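Residues per chain, in single letters:
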Amino acid sequence: MSGNMNLTLKVWRQKNDNTRGKFVTYQANGISPDMSFLEMLDVVNEDLVRKGEDPIHFDHDCREGICGMCSLHINGRPHGPKQGTTTCQLHMRSFHDGQTVVIEPWRAAAFPVIKDLAVDRSAFDRIQQAGGYVNVNTGGVPDANVIPIPKIIADEAFESATCIGCGACVAACKNASAMLFVSAKISQYALLPQGQTERYSRAQAMVAQMDAEGFGSCTNTGACEAECPVGIKLTNIARMNREYLNAKIFKEIEVH
Amino acid sequence: MLDSKVPVGPLAEKWSKHKFNLKLVNPANKRKYTIIVVGTGLAGSSAAASLAELGYNVKAFCYQDSPRRAHSIAAQGGINAAKNYQNDGDSVFRLFYDTIKGGDYRSREANVHRLAEVSVNIIDQCVAQGVPFAREYGGLLDNRSFGGAQVSRTFYARGQTGQQLLLGAYSALNRQINKGTVKMYNRHEMLDLVTIDGHARGIITRNMVTGAIESHEGHAVLLCTGGYGNVFFLSTNAMGCNVTASWRAHKRGALFANPCYTQIHPTCIPVTGDHQSKLTLMSESLRNDGRVWVPKTVELAQRLRKGELKIADIKEEDRDYYLERKYPSFGNLVPRDVASRNAKEVVDEGRGVGASGVAVFLDFEDAIKRLGEDAVRAKYGNLFDMYYQITDENPYKQPMRIYPAVHYTMGGVWVDYNLMTSVPGLYALGECNFSDHGANRLGASALMQGLADGYFVIPYTVGDYLAGLGFAPVDKNHPNFESTRKAVEERVHKLLSLKGNKTVDDIHKKLGHIMWEYCGMARNEAGLTKAKGLIQELRKEFWNDVTVLGENEEMNQSLEKAGRVADFLELGELMVDDALNRRESCGGHFREESQTDEGEAKRDDENFSYVSAWEYKGDNQPEVLHKEVLEFENVKLTQRSYK
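Protein sequences appear in the order of chains A and B.
Residue numbers for the first sequence follow the UniProt record's numbering, beginning at 1 and rising by one.
Residue numbers for the second sequence follow the UniProt record's numbering, beginning at 1 and rising by one.
So that you can see chain B by itself, here it is in the shape it has in the complex:
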């Protein structure tokens, strides 16, 4: 039975009471504990810095050449906080409510409320670090509104909010590295988890420069390794983003929750050809001023695609601003899943634009008329430049073409209220866990969650576990270190022995096609069943026919890629299993069999108001489903409506 360890009592008091009830580690004893932090994005950097400040020994790991490169850096739009600086009716409860509703009632009330509570501290912390948020002329912080909300609670730093927040956390991390309280390991990739008597006690890493396979021991291990969107090959994730750390932990006993909940972000630059290596997102803040439309008829769309018509030739009355038409109260600011599905719908109808027809317009003509080009440039300049750079089309002169792309994964490693996984001593923070966004994440909430977990949750909860351990150092001579290290070495050598005819990317691209086609924006029983078989075959093809070059004892990007794709090939099947099991639609998971008369996602609260947490049972064995029933005491479950 899964115990979420949510404290009893009124919602708004849970976290305060819980903090009081958590055991503390005496300041003089903290240095006797070592905490391993894997990943240095917002969650990892903030956790490593905050824990080191408290006095713990921290070892931090990242696969990039510097902790500052983690993909949190690419978040553009902003970070939510219930500051109510705008006097527009925001509150902790409203942020909580919006997040629960936005997640289509598939997240834990207590976690989400805590997130909303600490959101206000995050902004204070970042400002104190010298993060240059956007400001008003009076010198106070500026806010903007974001999808899924009717208040302005999003703090931002032009279109580079993630960069500025990450550099803030990186600076806090650097301060601790300088003090010697954090030992930083760049270009190290975690390849396995070491458990002793069922507790997490260390990790095995590969030094990506020398190939050395190393053991690292610690009293607790924090996975802050991000999401698994790259299972789709094309996504807005960085090239190196992978599931390996979480997946290896999963195979060592950590349950994996809601893997089918993936977010397809509505405002990305459309695919241009087979050569494409990744997709580029443009902040959805663009939807504040941009209007989404396609031609009203298929015939007009066809003529536009063929170049018989220019965009300007399409009269105002022949343009279908379908989001404004269908959702008058939220308009272009409907949540991401709704915006994405509607784009797919109009494209499927044959009304898509651009040469491929797989895109819709995001038009700034009205905004430029209303505000002037300079004002639009001040707000979105870097996004417009990026679009221009990639597409060679000037968005000040003609509408952008956008299409949804895989962006974020709400699912992840299962954690309880303390962010501990089902393996004692192993924690998961940020996108890596499943906890706060339910079936769909609202814009500007990922940064909030990463920093909430790292700065304000884990420093309290990890102490409760450590306080019960005693001070004995972890036995690094325990045979499990050696046996796990050996298993990693064997796997590396097995990968290096593969000398087939396919490249790793060949297989990865195939996997991506399967996932996008059958486990993407819309899913159905037949498609998912087919996908399961296809993935199993593809996995065989990988182990029989892929080629991995070079040797271990060097920088070897073929080997790195191969290990990650091997894990994606296993995760992909679990995502499909999870999507098959969840015979309801909710948030980013749209089962075609379950929709309202208007074509909106239809939940089945009676049968599916639970978290699916999957237990690994061995290679090629079906995973076992555990259910954590979601209880809602403070919000009433309704069919989401953004009309």
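One chain only, chain A, in its complex shape:
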């Protein structure tokens, strides 16, 4: 473990969605390699507050890599240089003394900037609201063990369900496509028996909302998969395309 580091930060500052933003340079001195990236920003912010300057605003909450609230484009990569890691779990040992670190918000038309590095990701919520559920009410459901689900299927559904909804896939994509995010949810339900009855209407509704929100198209580049902090696979997109195609063909026979 090396000693403390001094870094130069170039941080995107923007008062709100209606004002033009710009990069502002800050020095982050005496940074311990054991700090998380957000703790490094905490240190910078404490300095700013002491100087009477508005701290850098960024979204974060659990700081355990699971809530999906932290974001940040760091040196051109969503969630920074380390693969399979959210910004809150990125540690300063991934950087070196004297390095310049460029920090930007997610860049996507569907994710407008609220302030500085915080963006509005409510488009993701609206896509989930369009169909990301099984239509069951509380109560009156069968015993949990009535329908056996092969372990391999349950595990695969879990792999899709593990998406944290951070938006790194959109930020990584040159078209700002949300296909990886949407396909993860569609896959989870397409795999499980509980999701079968509405699989086609779900695929159509979620895809339609995704398009309405202004996310771009998928060109199978795979940047989303490469940058996803929780390893959501590109095969989900293939499955979503299949679901969507089947929906076009079979929609009529689905009972409502």
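Hints listed in this document are in silico derivations from the structure and should not be mistaken for laboratory results.
Model, not experiment: these values are computed from the prediction.
Here a beta-carbon is modelled for each residue, glycine too, at the ideal position from N, C-alpha and C.
Among the hints, a few may not be true.
Said to hold, decoys possible - Here's a subset of chain A near chain B, in silico, CB distances under 7 Å, partners left out:
1) Val-49
2) Asp-143
3) Ala-157
Said to hold, decoys possible - Result set (DSSO-like, lysine-lysine): computed pairs, CA atoms no more than 30 Å apart in a straight line:
4) A:Lys-22 to B:Lys-499
5) A:Lys-82 to A:Lys-10
6) A:Lys-22 to B:Lys-179
7) B:Lys-561 to A:Lys-10
8) A:Lys-15 to B:Lys-561
9) A:Lys-10 to B:Lys-627
10) B:Lys-494 to B:Lys-510
11) A:Lys-15 to B:Lys-397
12) B:Lys-23 to B:Lys-183
13) A:Lys-22 to B:Lys-502
14) B:Lys-486 to B:Lys-540
15) B:Lys-502 to A:Lys-15
16) A:Lys-51 to B:Lys-509
17) B:Lys-486 to A:Lys-15
18) B:Lys-561 to A:Lys-51
19) A:Lys-151 to B:Lys-369
20) A:Lys-15 to B:Lys-509
21) A:Lys-15 to B:Lys-476
22) A:Lys-51 to B:Lys-499
23) B:Lys-296 to B:Lys-369
24) B:Lys-19 to B:Lys-627
25) B:Lys-179 to A:Lys-248
26) A:Lys-233 to B:Lys-397
27) A:Lys-15 to B:Lys-627
28) A:Lys-51 to B:Lys-510
29) A:Lys-82 to B:Lys-397
30) A:Lys-51 to B:Lys-369
31) A:Lys-51 to B:Lys-494
32) B:Lys-499 to A:Lys-10
33) B:Lys-397 to B:Lys-306
34) A:Lys-10 to B:Lys-502
35) B:Lys-315 to A:Lys-51
36) B:Lys-397 to B:Lys-315
Chain A is already provided as a structure; the job is to place chain B on it using the hints.
Here is chain B on its own, set in the frame of chain A:
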């Protein structure tokens, strides 16, 4: 006099009979009522969705950018349910008994039994929603065992059970938002409760993007706002977790119960330095296969810390597996409070490990030998990765270092059997209330309680209250809305006028040190008395010397933080008062003056078998204690023993 409204009759029949006796609201009339739900974790999301399904109008609020971010998402280990799928002797009564005992006989029998009863429905509900629980090769659900229990009743989804359950509840909530039955307000923080004639009739919120201070009216208000562990600054809670909603409700008349009951979780990653912003928990399911140890002697521990010895140099006979030694029948699976206190004890003796000496080992060497590295990876892979990520040490190759950290608060807003607080029309669900875990919560029971309250309790009990109200809409022009909104605005402006030399975090960290030192894993009269004075001084320092930047009409994280810390500074003193009053040890509350010869927590059932419910009497006034006497008709109170 506090009326818990626990129904009469045999324990196992109370809830069924009570459900029958509760008044119903006609389906056609439900839409005439509006219910406000604050917080969208397991309790809030499940309640909002279930109530909307019934036909009520629901307004739901969360401070995060999406309801899916609530901190329930970070729960790792699992959720208990008395399914007895494993044929190992589990039953509703056993889950009830374990929870009462685990809570060190400081919870209400009837509430806990109801929790155990509905636990089985939760699993059914979640599976129907498409929650991908872990399964056996035959396709049926898998279970594991958890601390404080001798049966395998914990359902799980790898180490991400909370995430999967919350996303299930979030999906149910989304379905209702789409139908227009729930109106969702993201990035809104509740800053006060509006009462009319003593009844909860609305809330005041701040839009965290625009700064707009808004009034929202409803026939009932549900607080599902989680716990107050962040009073310690460092805890496993999310950065935004706060007590503000409950504390504001407390100041409007809701009694606050057992604030001193905090849970210090034994398996967290130790602190590394002053920069640390939070602590990371690792599921206690790790204790199923990991063995806790420290070197037998102080001398060996010192040499290890200095790097003169490597871990491998410490021979098997020089390792003290102290939990296995002291508690042969439960071993590493003793309840959280016992495991935490024992870790503190060996560290205080000077046998701690790691550079700071404030840690113990959790060793998987035996498990890897027995099961193979792949099997261990399949069970705990994400936890091992997380540990590796944070510490830069590979737990497959060397033991983890762990130390206890603040994790959960058993205390909270006082509620009766219907989950109603002492303010009519105001309810508290999930961690936010005090009701089910007594003085210590067992592992995998928080998820169970949050979902039990939201899916299966509140949909019945809130109707009983609403049915007695009539259909008149809440008068949003009532002067109390305006006066409460004004009070919130004034407070916001007061905070923004603070232009001192300290940052909010400076004060918060100081508060955390005081709480951890004097109101943490062990407490005594002298320390608590000292802490009370220190907190009062710190509160003055906050209002005199803190600086809050920016303006209200924008996203302003300085302002958000300042408001929350101001409330923690008041809550902290009440926690100390409560700890001073309770001159017994029980569960997570360890008073050094009250211990057995073996150093275990010693209860005083004669004098303290009650819930402490505190009433706010005005700023800087002592709060008034109300007692709800706990009656045990079905379990015999014994000194807890996990030997």
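Tell me, in ascending order, the numbers of any earlier hints that this structure violates.
Of the numbered hints given earlier, those the structure breaks are 6, 9, 11, 21, 27, 30, 35, listed in rising order.
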